[in-house]
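Colleague: Take a look at the letters that make up each chain.
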Amino acid sequence: MALFEARGLIKVFGKLTALNGADLTVAENEFHGLIGPNGSGKSTLMKCVAGAEIPTAGKVTFGGRDITQAPPAERARAGMSLKFQITSVLPALTLYDNILLALQAQTSLPSLVFSRTRGVLHDRVMAMLEQFRLVDRAAESASVLSHGQQQWLEIAMALAPEPKLLLLDEPTGGMSLEERRVTGELLQPIKKRCSLVIVEHDLDFIRDICDRLTVLDQGSVLDCGSVQHIQSSARVQEVYLRRV
Amino acid sequence: MEIAVLAIGVLLPFVLKDYLTVYATRVLILCLFALSFDLVWGYAGIMSFGQAVFFGTAGYGVALIARDLGVTSILLVLPAGLLIGLAFALVLGGFLLLGRHPSSVIFVALGTLTGSYAADRVARGWYYLGGQNGIPSIPPMSLGSYDIVEGPVYYYLVLGILLLVYLVCRFLVRSQFGLALAGLRENEQRIAFFGYQVQRLKAIIFSFAGAIAGLAGSLYAFHEGFVWPNMLGVVMSTQVVLYVLFGGSGTLIGAVIGTVAIEAVSFWLSNDYQDIWPIILGVLLLLVILFRPAGLISLILGERERVGRFGRPPRERE
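Just so you know, the protein sequences line up as chains U and H, in that order. Residues -2 to 241 (our numbering) are what the first sequence spells out, left to right. Residues 169 to 486 (our numbering) are what the second sequence spells out, left to right.
Think of the hints as simulated: they come from the structure by calculation, not from any bench. Each residue gets a CB set at the ideal place from its N, CA and C atoms; glycine is no exception. Be aware that a few hints might be false.
[Claimed, not checked] To spell it out: a stretch of chain U is covered by chain H in this simulated footprint if at least three of its residues, at any positions, have a beta carbon under 8 Å from a beta carbon of chain H; those stretches are:
1) 70 to 84
2) 180 to 194
[Stated by the list, open to error] Some chain H residues near chain U, calculated using beta-carbon distances under 7 Å:
3) Phe345
4) Leu347
5) Gly363
6) Gln365
7) Ser438
8) Tyr441
[Unchecked claim] What follows is a set of in silico ranges between Cβ atoms, one per label pair, in the way DEER data are often shown:
9) Ala54/U x Leu453/H: 46 to 56 Å
10) Pro247/H x Arg130/U: 50 to 60 Å
11) Pro461/H x Thr58/U: 42 to 52 Å
12) Ser140/U x Leu467/H: 49 to 59 Å
13) Leu106/U x Val259/H: 13 to 23 Å
14) Asn35/U x Asn398/H: 53 to 63 Å
15) Thr22/U x Arg338/H: 48 to 58 Å
16) His269/H x Leu106/U: 13 to 23 Å
Isolated chain U, as found in the complex (with noise of 0.2 Å):
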């Protein structure tokens, strides 16, 4: 059974369909990728399945519950994280702040106001910082990271909570060749833990890391299947590939 699956999206924003119809499934542990050219609106499907969007028509569910009109807090403690295209690490907290405050967020009002999973955390934050190599950093301002540490920092916050969907969009934005090969080293050991929707430009990058792809093109699917099957798909080179 499939973990998630979005039918027939149709978002519509003013006189701009941005989603046509378009389908989108993942199954468990699957790394499913979404490519397609810019305006394609792999971006504002991947909003409707987080929830920061919802659409004008379709439906999502995720584990068999329907969430269509679900709020992003709702998908997040159903077990859904994202982490956004932009950026949007906390930066005047500190790494362990950022990723602690990740982690605490399905703790209860009491247990917060009284500081009862503080020390329960801990580990789980050092974990993650040491997993992501910004363990020596911790308790430096997330301001003053790179780009690149900064991505990785988000990274860290949304798969800290040790999510059953992990959603990524353009993760290494902006990144230098090395970061992005690190990149790919850091995410490959999450795949026993969770699934993984990621938006990417680097075909080199999502080829590596992804089991299935959905090619998306003027807010419909072109074509979806293995990334081999993608590699060979005449319709997808057709409008695709040869564009980028």
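The hints should help you fit chain H onto chain U, whose structure is shown.
Modeller: Only chain H this time, still in chain U's reference frame:
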């Protein structure tokens, strides 16, 4: 820093003349009021531009309880003031903050300002509340047969309450809940995607701050012996914004320092420069806001210390 301010506060009545102790008591009550605004704006990023509505309604509430019911016991009137502030904040907060979509800063600012203005107009127009003149001659607060009147006893009572509220706020803003508030202030949308129910968080801190403003309002009513419409209105609401901006929002001690500084400077200027003191004060405020946007406290504390740390830094573990 906090200890030094407390020590000065404890010693002050010993060195001040009686009329200045009365003035200092009023300033301490305003510090309590400033803490309530600092919690919502400085810590949670909610621009409550009508914070005086909670201060004033509680003041009017306890004045009516004292006048019409003859109840002046400190054990009843202060909790009543606190509850009135809390109840009004719950209603206004529920309306402004618990909508289907998160409210914008401007919406909340204008909504609270409108609430404050409306309350002021109602008080001015309602005969039962004394109209323009307010409610005069409120009997003094009492403990048993002892009347607590303005002077050193009232001063230490307010200082004790301020200290208690300050410590509760300090505990709160340094807790994991405080981290959630910091997240709310820094990037509300981001933390909603972590699973935080941001509107609920906002309504909770807004109501808590309303309760503190209510407590301050009831202390103010009994201290002054009368309540008047300005206590509810835009003037008082703006004044508390200035206290906090001047001292440094997002730090509890900043709110206290800002209130004391503005009130002390106003007192001194109004004595020595009777005609032009509001202009001098205005220029001073502008200078601080222009050149020290983080307030006077930023002269002493850096950005890192002001934001604070919520988790254990790694070196403490080793």
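Colleague: Next step is simple, just say for each hint if it's right about the structure.
Modeller: Tested hints:
no., hint, result
1, 70 to 84, "holds (count 6)"
2, 180 to 194, "violated (count 0)"
3, Phe345, "holds (4 Å)"
4, Leu347, "holds (6 Å)"
5, Gly363, "holds (4 Å)"
6, Gln365, "holds (5 Å)"
7, Ser438, "violated (38 Å)"
8, Tyr441, "violated (39 Å)"
9, Ala54/U x Leu453/H: 46 to 56 Å, "holds (53 Å)"
10, Pro247/H x Arg130/U: 50 to 60 Å, "holds (53 Å)"
11, Pro461/H x Thr58/U: 42 to 52 Å, "holds (48 Å)"
12, Ser140/U x Leu467/H: 49 to 59 Å, "violated (22 Å)"
13, Leu106/U x Val259/H: 13 to 23 Å, "holds (20 Å)"
14, Asn35/U x Asn398/H: 53 to 63 Å, "holds (58 Å)"
15, Thr22/U x Arg338/H: 48 to 58 Å, "holds (51 Å)"
16, His269/H x Leu106/U: 13 to 23 Å, "holds (22 Å)"
Against the hints set out earlier in the document, violations occur for numbers 2, 7, 8 and 12.
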